[in-house]
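Peer 1: Protein chains in written order, with my numbering: chain A, 1 to 405; chain B, 1 to 712.
Honestly, the hints are just simulated from the structure, not real lab data.
Misleading hints may appear alongside valid ones.
To list a few chain A residues with every Cβ distance to chain B over 10 Å, as calculated [stated by the list, open to error]:
#	residue
1	A41
2	Q49
3	K245
4	P255
5	A320
6	L379
Calculated lysine-lysine pairs in the DSS-like style (CA-CA distance at most 27 Å, straight line) [unchecked claim]:
#	chain 1	residue 1	chain 2	residue 2
7	B	K416	B	K437
8	B	K7	B	K35
9	A	K402	A	K310
10	A	K223	B	K244
11	B	K190	A	K223
12	B	K106	B	K218
13	B	K530	B	K255
14	B	K187	B	K220
15	B	K712	A	K282
16	B	K416	B	K376
17	B	K243	A	K223
18	B	K562	B	K575
19	B	K217	A	K223
20	B	K106	B	K215
21	B	K348	B	K376
22	B	K378	B	K416
23	A	K223	B	K599
24	B	K190	B	K378
Every residue gets a Cβ at the ideal spot worked out from N, C-alpha and C, and that includes glycine.
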Amino acid sequence: MNGNKVFLIDGARTPFASFGRSLKDVTVDKLAAHAAQHAMARAGVNPGQVDGFILGHAFQSGMTPNTARFAWLNAGLPASASAYTIQNQCGSGMKAINEAMDKIALGHGDIYVAGGAESMSTVPYIYDGSLRFNSWLAKKLPKFFPKMGPRLTLGLLQDGMAPLHLIKDTRTVAMAHTAQRLADNYGISREAMDEYALRSQQLAAQAIASGRLAREIVPFLTKRGVFSQDEHPRQTSAKDLAALKPVMKTKDITPGNASGINDGACCVVLASETSTIQLGLKPMVELVDHVLLGIDPEQMGLGPYYAVQKLLERNGLSAADIGLFEVNEAFAAQYLACEKLLGLDRAKVNVNGGAIALGHPIAASGARVSYSVSHEMVLRGVEFGIATLCIGGGLAIATLFKNVS
Amino acid sequence: MTATNAKTVYSGNAVHLSLLNNGVALVCFDMKESKVNLLSSPVMAELSNVLDQLAVLPGVRGAVFYSGKENNFIAGADVNEIAAIQRQHKGVAFQATQDGKALLAKIRALPFTTVCAINGTSRGGGAELPLWCTYILMSEDATIGYPEGGLGFLPGFGGNVLVIKRCGFEAGMPFVLMPLKAWDARKAWKAGLIDEVVPKANLLERAVQLVLGAKPKKAKRSILQKSKSWLLERTGLGRKLLKKMTLAGILKETKGNYPAPVSSLDVALKALTLPEADAFTYESQAFAELCVGPVSRNLVRFFLTRQDAKKTPEGVKPDVEVRTVGVLGFGVMGSGITQVVAYSDHYKVVVCESFPQAMERGKTLVKGLFDKLVEKGKLSREEADRRFGNISYTDKLSDLAQCDLVIEAIIEDLAKKQGAFAQLGEGILASNTSFLKVSKIAEAGKRPERVAGLHFFNPAHIMELVEVIAGEQTSAETLAALRIFASKIGKTVVGSQDSPGFIVNRILAPYLFEAIRLFEAGVPAADLDKALVKFGMKMGPLALLDEIGFDIAGHVIQQMNKDFGDRFTAPRLLKFFQESKLLGKKGGKGFYLYDQNGKPQGLNPELLAQQGPASPRKFEEIQDRLALVMVNEAAKVLEEGVAESAEDIDLAMILGTGFAPFRGGVMKYADATGPRVVLQKLEALHQVAGENYLPAALVQEMAASGRDYCRK
């Protein structure tokens, strides 16, 4: 990528909570502000120095406009940082980081806070707004009803996470079917999926026990006490996983070999080379390049294959040059298909477990894989690392990192 | 307090455990190399260890907790440790208080009677520990209190909950809510907080009796009182009423700017309804929320910088040891200074005043100040008379020649000051001038390196701040001597360079000046004052102008006009004040009318006639305009090097002008707003409000870099 060099200084994330559990009553802006404030504190950056806050947020759950701006101001941070919110489903958090990268590279500011936040527990129930004009009542009272502005409306509510008309739409919501399709196409067995899922759980358990994940996390104080550890990982076995029933009328996709529904936020601080020197910041990695591309929505899980390939090609690298990968585990089947196509060495991938174990708070995941791979690169002294995610709707995103610590 | 014939079981750095023959264990707090006992984390760890030992010690019938210090039980937690917690996430604060509670709960879990014998000041954590004991005794002169509110949080070691459990909501809530005034033993006994008041000599003996089975003489509560509390505390409606009334009182006091008392109230109500363990958790939650919040962080920072400012300067040794202090001029300032120095009891004071009338008036003033202290019970009659006796009087300047330090507080006239300095001796000469150049005055002194400014604030006996001003030739030794002197008389020192208005008046002048201009432009006086009180100032700018007096304000603005040019061109209204001889509060008329006792009686109609057509503004706009003009001036003070650091400016503004302490001071306010937002707002204000808003170079520089003004 041309332009100024961009560095990731440090970051922070909340522990990821399971759906309806530890963070069930915490609004998304609080999660985002927590991650952003502690990321800045760890990076040694003043909020007043920040040029912008870019936040991925996939399911509008805050019931506020511009989640990023609201979270920033509500935390009492200086109004001088710009702020906007990115909606790119599972890619939101990484897209936010990539946006910040581009801005700094182009010289549009020096310090950005970027990341993603998702509170799936608080995704609102929704009601089609056009019923203001098209409903039976609106037609009966044309003089009165359509002219009213925003108001409370009673009626049939839908779950904002999966509205009825989309619940079977494999291009947007019904992702399990896309995973099943990959399994069928690439000959991935249920056993292989479960085996991979077990690996994710085991590695996550190790990373929790060793304190490796605690390096990323800043505990969150809730009404029920200090929430300090990801709560989605569970103790399981090949036998337990095999006993699970497939979901959504698929053959092999079970809750055990798919990612979870979670709450959490992760933010990182990015800075230009000049400000890194001026302020004496200690960068972890350089952000070298990024890719966002579109593929067939029906096979959205293959996204990382295309995105990583393009990223390597553009930077004159091969998969062997990359010391560490974070490939988001939307589904075990989806990961395994990518592994096969890219010829990945599993020992270098998702070394601390992935979304199957840790959970997948949609927009936060993209930021988590970026931050996590940066940490691991520093710890292992690896030169290049890549983080990548598949995105519902047939998109894929990937970022290339270079160790500078 | 010591206990003889006790067998030592454990003796650590701060906690000691011994056992009497009759089976009474004694836990003594006595921190090595410290005047007071603190509940710092090493002490807590030691206490935990001692409690564990105590629990398994054979033959123990009960335990007494007491202090080995003369007049101090436990002074509270270590504020530096709290500051360290504040730099981390909320969970750390929560865990720290939960751990503290778990530790103190060990006292309650002991299988025998425990008695806490409080022999002196007992604050914060030191006022919470006793609540975990079976009985609390206090010596007659001991005091107990929670200063936590003053630091922006609430008692976190169970204190908030246990006080309510021990003496009920009505008696306990005022105790939890008072941040500044501690309770004496009798008051605490009447409220049911402690069980008995004992003469100091018998304290330990009585405590041992209680352990051995005696019953304490508790304050009695009438049936009427009991049934009233039952109705209020045990019924939903009663609790609603309590909440409503207490909350109204709190909001009136805090203007909604301090969250701690509101949380305290919440915790107290939870203490009435929730099971104890849940109430404790709730208390820790509330503590954590408050502790890492901006208000508490600002208040803790203020506390620590104030503490630092009181420390004796390191490195430089003063070359004059001050024993006798001369005060030249016995006007309002002179008499205030005289009283403060005489009251401190560290120095002899010689007052020189050539006008007999002024001398008499001054004596009455000083006498009156001492009498007031006696009235308030802060000083005995004999002690007041003795300290008043530290002062001697003369009308001859030559009598001040032997003084080690002379503080000059005569009329603000360069020639007269120089005349006086020329006749004085070789000791340190300090001028209390507010706006003359100290270096100019120094030229007349025999030893200019021993001349400095020592700027007290009116009223000198109350205002804690003193600016020490270094003239061009003032030596470091002289400045050190003045710093030591000021802290010995109980003042907090901020150093300033010899620049017009020094720090406080320089920053305050544009604020008052712009307030007058806003008033002229038709902003209602009541709105101006209300907006700034809501912002957190002790009083609004117009009320403050009345307090200062228009004669003095006029002088200052004229002087600023001379020094800084057109941006301080005297407002039209000021001329009107001078022509119509409106003096402010002391003349009974200013922006407001005042009765004989100085109580405001509504707006002054004469001034209303001088005001332009009414043009009300939003409070936020008024606040921005008046607060940011201070920020801009403070930035200039900082960039010119008049003040050494942003921390000094903040300390000076809070202590010298009552700038909202919860905002941490002018510069901290700028940081919270954000350096870039400050610049943007100033640029906008510059368009409409003139040269005082032209962003200072430092404001521009900070905005460019985004750095914070404050380092701490």
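Peer 1: If any of the earlier hints don't hold here, list their numbers in rising order.
Peer 2: 1, 2, 11, 16, 19, 22 and 23
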